[in-house]
Amino acid sequence: MDTPDQTLAPDPARGSRWDAVQPWITLACRIGLAAVLVFAAVSKFPPALSVQAVEAYDLFPVEIARLIGYTLPLFELALAVLLLVGLATRYAGAVSALLMVVFIAGVVSAMARGLNIDCGCFGGGGQVAPGETKYGISIARDIAFAALGALVAVWPRSPFAIDRAIGLFR
Amino acid sequence: MGSEARRRSRERIKEQRRKEKRAAKRNKTLIVLGAAAAVVLLIVGVGYLVLNADRADSGYEGALAPRTLQEDGSVVMAQEGAEAPVVEVYADYQCPACRQFELLNGDVLKENAAEGQAIVHYRPVSIFAQRPAPVSTNSLRGGAAARAAADHDRFVQYNDILFENQPTEGEEGFTPDDLKDWFAGTDPSEGQQEQFDQRVDEEAAVVAEFTGEFLPALTEDAMEQIGEDTLGTMVLSDLLAWGDGHGHDSSFLDGTYTGQIIEATGNAYTRYSGDNAFRATPSVYINGELLDNNTALTARGLDEAIDSAGSGEVDTEPMGDGGGVE
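Taken in order, these protein sequences are the chains called W and C.
Counting along the first sequence from 1, when you hit position 163 you're at 163 in the working numbering, and nothing is skipped either side.
Counting along the second sequence from 1, when you hit position 176 you're at 1176 in the working numbering, and nothing is skipped either side.
Certain hints may be false.
So, partial list: chain C residues that the calculated Cβ filter (under 7 Å) puts toward chain W [what the hints assert, rightly or not]:
#: 1; residue: Asn1027
#: 2; residue: Leu1030
#: 3; residue: Leu1033
#: 4; residue: Val1044
#: 5; residue: Gly1047
#: 6; residue: Val1050
#: 7; residue: Glu1172
#: 8; residue: Trp1182
#: 9; residue: Thr1298
Covered by chain C, per the in silico footprint, the following chain W stretches (three or more residues, Cβ under 8 Å) [to be verified]:
#: 10; segment: 16 to 26
#: 11; segment: 51 to 65
#: 12; segment: 85 to 99
#: 13; segment: 109 to 119
#: 14; segment: 142 to 156
#: 15; segment: 159 to 168
Quick caveat, the hints were computed from the structure, so don't treat them as lab data.
The structure displayed is predicted, hence computed values, not measured ones.
Using N, Cα and C, we set each Cβ at its ideal position, and we do this for glycine too.
Hey, can you work out the whole structure from these sequences and the hints?
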């Protein structure tokens, strides 16, 4: 808990080298994941398009799809803010990873039902011509993002975080 | 006993300290979680209110400006002699984003037209005519039915009805029976209903022939003779023209509303160039300039774009015989 700045003079021993590097890896993951989430949220604007991207999954009643279309980009934005400022880092990472798992489930279900849609992950969305679906790429991408979130959740200790100022995950 | 008791009490104090530390950490975690939850609620809540405020701006129940059917099957809605920007709306009845546009901004258009602030030019197209059925058949039947409704000056109403009842992807919809029922809901005369019903049945037969036999055969031949790459760049009306010279007579489309909407779609692709090129639906133009999605798909954006534009000219001629204007 009371170790001094761990970036200085890494100990040659293996364990402490990880201790020295890990906060910076976590910081990189936080920033990377936050950037992805901000880009995803912004590209979903305007909400009318986001709503039709959700409707294309054909999983929710109209009103629920509308609510998701409006609030999902905002939720992504909120998670990005938490990751950037390092507030509740562990939980923000875990929720981000969970969100990605939900996205993967949605894409897989669209694939399984033979829908021809764009995932709408970064704007767009809706129907595409048969044979122009990119489910594989979408899933692989989401797995990578989920891994970033999981890493942050498992090793939340990182510099430039409100958590650290308060005394959590030092 | 003395030393044993001291040791025990030291243990107890240590244990107590550990407990306190754990409790302190738990409290910190709870505070941080609470703060994080507050941040999320704030961003989502305030954001939702802001985004929803845009939507609440629309909503128009008043009388519609007069509608005039055009020679190419499109419909102009404007006050007589209005000097205002021309807002062209290209939409496919099977296109979900077009439905969103209609739900969000249909009333913005009506209101602006009614107040003489805009000349609204509805230009239905079928960009999905070459997709597999039922996407193609829904799209074409919907477009043809809207055109049939325009014959009885019910285009704008019917346009709304079609979007409200848009079939989800891959599901059969816009069936002739549905289309007739919806028209009956617009309070037509008996004669109008009869004409409409007959037209819808005729068009449904044309659509079935077109998508079921004609287009697959034509596409197969074209694929062999001009190659998939060139075919991919051809719009449907060009493909039909090619077919006419290569043993695929498309004259059964002549005079049908199905044929008309296919032609209208082909013309949309050649009407604009450069940044304004027609690529997808919904496409909204003000005085020939394509709006980006942030403008076209927010109520405030569209309203402001209309307000700040000068007046324009409709580029089509009204139907000569009075068409749908009754």
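Quick rundown of the hints versus the structure:
no.	hint	verdict
1	Asn1027	10 Å, violated
2	Leu1030	10 Å, violated
3	Leu1033	5 Å, holds
4	Val1044	4 Å, holds
5	Gly1047	4 Å, holds
6	Val1050	9 Å, violated
7	Glu1172	14 Å, violated
8	Trp1182	18 Å, violated
9	Thr1298	5 Å, holds
10	16 to 26	violated (count 0)
11	51 to 65	holds (count 5)
12	85 to 99	holds (count 4)
13	109 to 119	holds (count 4)
14	142 to 156	violated (count 0)
15	159 to 168	holds (count 5)
In terms of the numbered hints stated before, the structure departs from hints 1, 2, 6, 7, 8, 10 and 14, listed from lowest to highest.
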